[in-house]
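2 protein chains.
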Amino acid sequence: MSATPSHAERARTLLASRNEGALATLARDPAGHPYASHLIYALDGAAPIFLISRLAEHTQNLLRDPRASLLVVEAEREGEDSLARGRATLIGTCNPIDEDRDRLEALFCDRHPGARTYARFADFGFWRLSVSMVRYVGGFGRMSFIDAEAFARAEPDPLAPAAHGILVHMNDDHADACLAYARALAAIDGASEAVMIGVDRYGFDLRVTTSEGPRDARLAFPTPVSTPNDVRKTLVEMVRAARAKLA
Amino acid sequence: MSATPSHAERARTLLASRNEGALATLARDPAGHPYASHLIYALDGAAPIFLISRLAEHTQNLLRDPRASLLVVEAEREGEDSLARGRATLIGTCNPIDEDRDRLEALFCDRHPGARTYARFADFGFWRLSVSMVRYVGGFGRMSFIDAEAFARAEPDPLAPAAHGILVHMNDDHADACLAYARALAAIDGASEAVMIGVDRYGFDLRVTTSEGPRDARLAFPTPVSTPNDVRKTLVEMVRAARAKLA
Numbered sequence: 003m004s005a006t007p008s009h010a011e012r013a014r015t016l017l018a019s020r021n022e023g024a025l026a027t028l029a030r031d032p033a034g035h036p037y038a039s040h041l042i043y044a045l046d047g048a049a050p051i052f053l054i055s056r057l058a059e060h061t062q063n064l065l066r067d068p069r070a071s072l073l074v075v076e077a078e079r080e081g082e083d084s085l086a087r088g089r090a091t092l093i094g095t096c097n098p099i100d101e102d103r104d105r106l107e108a109l110f111c112d113r114h115p116g117a118r119t120y121a122r123f124a125d126f127g128f129w130r131l132s133v134s135m136v137r138y139v140g141g142f143g144r145m146s147f148i149d150a151e152a153f154a155r156a157e158p159d160p161l162a163p164a165a166h167g168i169l170v171h172m173n174d175d176h177a178d179a180c181l182a183y184a185r186a187l188a189a190i191d192g193a194s195e196a197v198m199i200g201v202d203r204y205g206f207d208l209r210v211t212t213s214e215g216p217r218d219a220r221l222a223f224p225t226p227v228s229t230p231n232d233v234r235k236t237l238v239e240m241v242r243a244a245r246a247k248l249a
Numbered sequence: 003m004s005a006t007p008s009h010a011e012r013a014r015t016l017l018a019s020r021n022e023g024a025l026a027t028l029a030r031d032p033a034g035h036p037y038a039s040h041l042i043y044a045l046d047g048a049a050p051i052f053l054i055s056r057l058a059e060h061t062q063n064l065l066r067d068p069r070a071s072l073l074v075v076e077a078e079r080e081g082e083d084s085l086a087r088g089r090a091t092l093i094g095t096c097n098p099i100d101e102d103r104d105r106l107e108a109l110f111c112d113r114h115p116g117a118r119t120y121a122r123f124a125d126f127g128f129w130r131l132s133v134s135m136v137r138y139v140g141g142f143g144r145m146s147f148i149d150a151e152a153f154a155r156a157e158p159d160p161l162a163p164a165a166h167g168i169l170v171h172m173n174d175d176h177a178d179a180c181l182a183y184a185r186a187l188a189a190i191d192g193a194s195e196a197v198m199i200g201v202d203r204y205g206f207d208l209r210v211t212t213s214e215g216p217r218d219a220r221l222a223f224p225t226p227v228s229t230p231n232d233v234r235k236t237l238v239e240m241v242r243a244a245r246a247k248l249a
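Going line by line, the protein sequences match chains A and B.
Per my numbering, residue 3 is the first one in the first sequence, and the count goes up by one each step.
Per my numbering, residue 3 is the first one in the second sequence, and the count goes up by one each step.
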């Protein structure tokens, strides 16, 4: 049991949180030249699927050579360093899918309602990227290659869609609880303030103000959680334990 | 003299408005596989320059094969269709730059102040993408290849940084002027409302409400403008002409 998400889990969480990226293919002219294009995707399990026109440059490239990679980057946040954003490059081969059109269309249009208007056009079809390897960069200095099996096996963080709301709630309404976590559970006696800056299925991160400057701390949940309600119960238990220690 | 910006001008304007993109290179392993990565750029004239570490995957790829392309996409706007955003793929070769380090550093760090912290690290160096061709996609159905010379010659729209402010001002404070443009200069007699949805050096775009539904209209400035003050004067002259026609 890891106290922090694995890189495979971080990459799967990132893929699940976004729906657009950059596809690298090999151009026809000049032949073999790397070509980057913008496109939207949905996920069929761990595999990205695309609904693309036969007329598009990337599709023409793939018809000639199926090798491709898909780059997905965390959403832009005002004022944040571009290179601090997490990103993943999924490397593999991209081929048209012949079966299962109705299921793929439902799945794709659920993620991209605007695609309904062209999903049935004769020149549009579904393609799947079969991933053979993943390059994950979680910001400065946190990077690795992930093999395809670990990537397929990992699960996106079930808390990710709720994480922002949890942070806002904890920092706005429970700053005292955050400070108790920092003092009692992270053992930072001199903490004067603590802000929750991240939460995932395995635990949460605090940025703690001390007389020596800011410090970060990671606290693990006793067992992984999967719903916002589980988080709430666990955080209440943890603040009781923290206050008992400080009493 | 064109009444709307050329694709080369639109691509140059897009490049000037952004500072990050996706670089496609050719991987070392598996050899020749297209590889997409996230990076930041600055512009030296029409050429993107990068400050990258020798240790990064894309740099290792470029050291083996300089062929590359850079995809730049318009910023995300809440609620807007991802495929409606303009984008450009700059195709060329990317090589290290040996001369002019101080000038490039000043230029790059002006656009990316955070880069000052690592600009002098021994493993970081400047690279330039020499552009041989550009693929421009301005949204649904507006796309073309632009040759390198036309791209280099084109100038970014000098109004682009001010355009959003001009639209807000015109729509908030001069809705009557917009309606006069629509009725008198675009000759849409039945216009009941007109919203300015775009402005550039050559003119502006209106979305006009009529009893038969919305219509778009493009109105050219009598001569191209290059400053917000020129736009203001020109729009005042145009509303006088419009009102004289309607009187």
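Hints listed in this document are in silico derivations from the structure and should not be mistaken for laboratory results.
Treat each hint with caution, since some may be false.
Stated by the list, open to error - Among chain A residues calculated to face chain B with C-beta under 8 Å, some are:
| hint | residue |
| --- | --- |
| 1 | A24 |
| 2 | V75 |
| 3 | D83 |
Unchecked claim - Quick list of the computed label-pair ranges, beta carbon to beta carbon:
| hint | chain 1 | residue 1 | chain 2 | residue 2 | range |
| --- | --- | --- | --- | --- | --- |
| 4 | B | L65 | A | S132 | 23 to 31 Å |
| 5 | A | S19 | B | A33 | 27 to 35 Å |
| 6 | A | A86 | B | H166 | 42 to 50 Å |
| 7 | B | R105 | A | T229 | 21 to 29 Å |
| 8 | A | D100 | B | R103 | 29 to 37 Å |
Using N, Cα and C, we set each Cβ at its ideal position, and we do this for glycine too.
Right, here's what the structure says about each hint:
1. A24: With a closest approach of 3 Å, the A24 of chain A hint holds.
2. V75: Interface hint status for V75 of chain A: holds (5 Å vs cutoff 8 Å).
3. D83: Holds: closest Cβ of chain B sits about 5 Å from D83 of chain A, inside 8 Å.
4. B:L65 x A:S132: 23 to 31 Å: 29 Å, holds
5. A:S19 x B:A33: 27 to 35 Å: 32 Å, holds
6. A:A86 x B:H166: 42 to 50 Å: Between A86 of chain A and H166 of chain B, where Cβ atoms are some 26 Å apart, the hint is violated.
7. B:R105 x A:T229: 21 to 29 Å: With Cβ atoms ~55 Å apart, the hint is violated.
8. A:D100 x B:R103: 29 to 37 Å: Violated, at about 54 Å.
Going down the numbered hints, you'll see the structure goes against 6, 7 and 8, while the others check out.
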